[in-house]
Amino acid sequence: RFLYVTPFTPSGKARGDLCNQYKRKTILTVANSFPYLKTRVSVMHREQVKRPFRQTCPIEVAIEDMQNRTHELYNAIYSHSPDAKMLQMVLQGSIGTTVNQVHSLYL
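Numbering (UniProt numbering), first residue to last: 1 to 107.
Because the hints were derived from the structure by calculation, they are not lab data.
Don't take every hint at face value.
With a Cα cut of at most 30 Å, we get these calculated DSSO-like pairs of lysine-lysine [as the list claims (entries may be wrong)]:
1. 25 with 13
2. 38 with 25
3. 13 with 23
Ranges of calculated distance between the beta carbons of each label pair, as one might list FRET restraints [as the list claims (entries may be wrong)]:
4. 57 with 1: 23 to 29 Å
5. 44 with 91: 27 to 33 Å
6. 29 with 71: 22 to 28 Å
7. 82 with 10: 41 to 47 Å
8. 16 with 77: 30 to 36 Å
9. 11 with 49: 19 to 25 Å
10. 95 with 58: 16 to 22 Å
11. 11 with 62: 36 to 42 Å
12. 63 with 10: 35 to 41 Å
Glycine is no exception: its CB is placed at the ideal position from the N, C-alpha and C atoms.
Please construct the entire structure, taking both the sequences and the accompanying hints into account.
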């Protein structure tokens, strides 16, 4: 089984403002397990994640993103062999990409 997430907006664009950003989660069941010798495997079954909502609403998208980023920061700090470059990359990715969007959202 393989899970992937597709971002979308109600207007049809793949990306948009944070208040209009949704996610659709899809599970694929494939013929062979990963990793496999070939670069492509046959999809046997495809389904969307069954939850109260078929798509994740914007606030859930933001919460999931924050949880994922927190997990990445935790792993970078408390790993068996901490790496300053990895921590720097995670911190830059945490701050740089969303600050401008969040700032403009509340102005």
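Okay, the hints, checked on the actual structure:
1. Restraint check for residue 25 and residue 13: the C-alpha separation of about 17 Å stays at or below 30 Å, so the hint holds.
2. Among the hinted pairs, residue 38 with residue 25 is consistent with the structure: their alpha-carbon atoms are about 25 Å apart, no more than 30 Å.
3. For the given pair, residue 13 sits about 12 Å from residue 23 by alpha-carbon distance, which is consistent with the 30 Å threshold.
4. The supplied range of 23 to 29 Å is met by residue 57 and residue 1, whose beta-carbon atoms lie about 24 Å from each other.
5. Hint check: residue 44 to residue 91, Cβ distance near 41 Å, so the stated range 27 to 33 Å is violated.
6. Between residue 29 and residue 71 the C-beta distance comes to about 26 Å, which sits within the given range of 22 to 28 Å.
7. For residue 82 and residue 10, the Cβ-Cβ distance of about 42 Å falls inside the hinted range of 41 to 47 Å, so the restraint holds.
8. A beta carbon spacing of about 32 Å between residue 16 and residue 77 agrees with the range 30 to 36 Å that was offered as a hint.
9. At about 23 Å, the beta-carbon gap between residue 11 and residue 49 stays in the expected band of 19 to 25 Å.
10. About 21 Å separates the C-beta atoms of residue 95 and residue 58, a value consistent with the hinted range of 16 to 22 Å.
11. At about 19 Å, the beta-carbon gap between residue 11 and residue 62 misses the expected band of 36 to 42 Å.
12. A beta carbon spacing of about 19 Å between residue 63 and residue 10 contradicts the range 35 to 41 Å that was offered as a hint.
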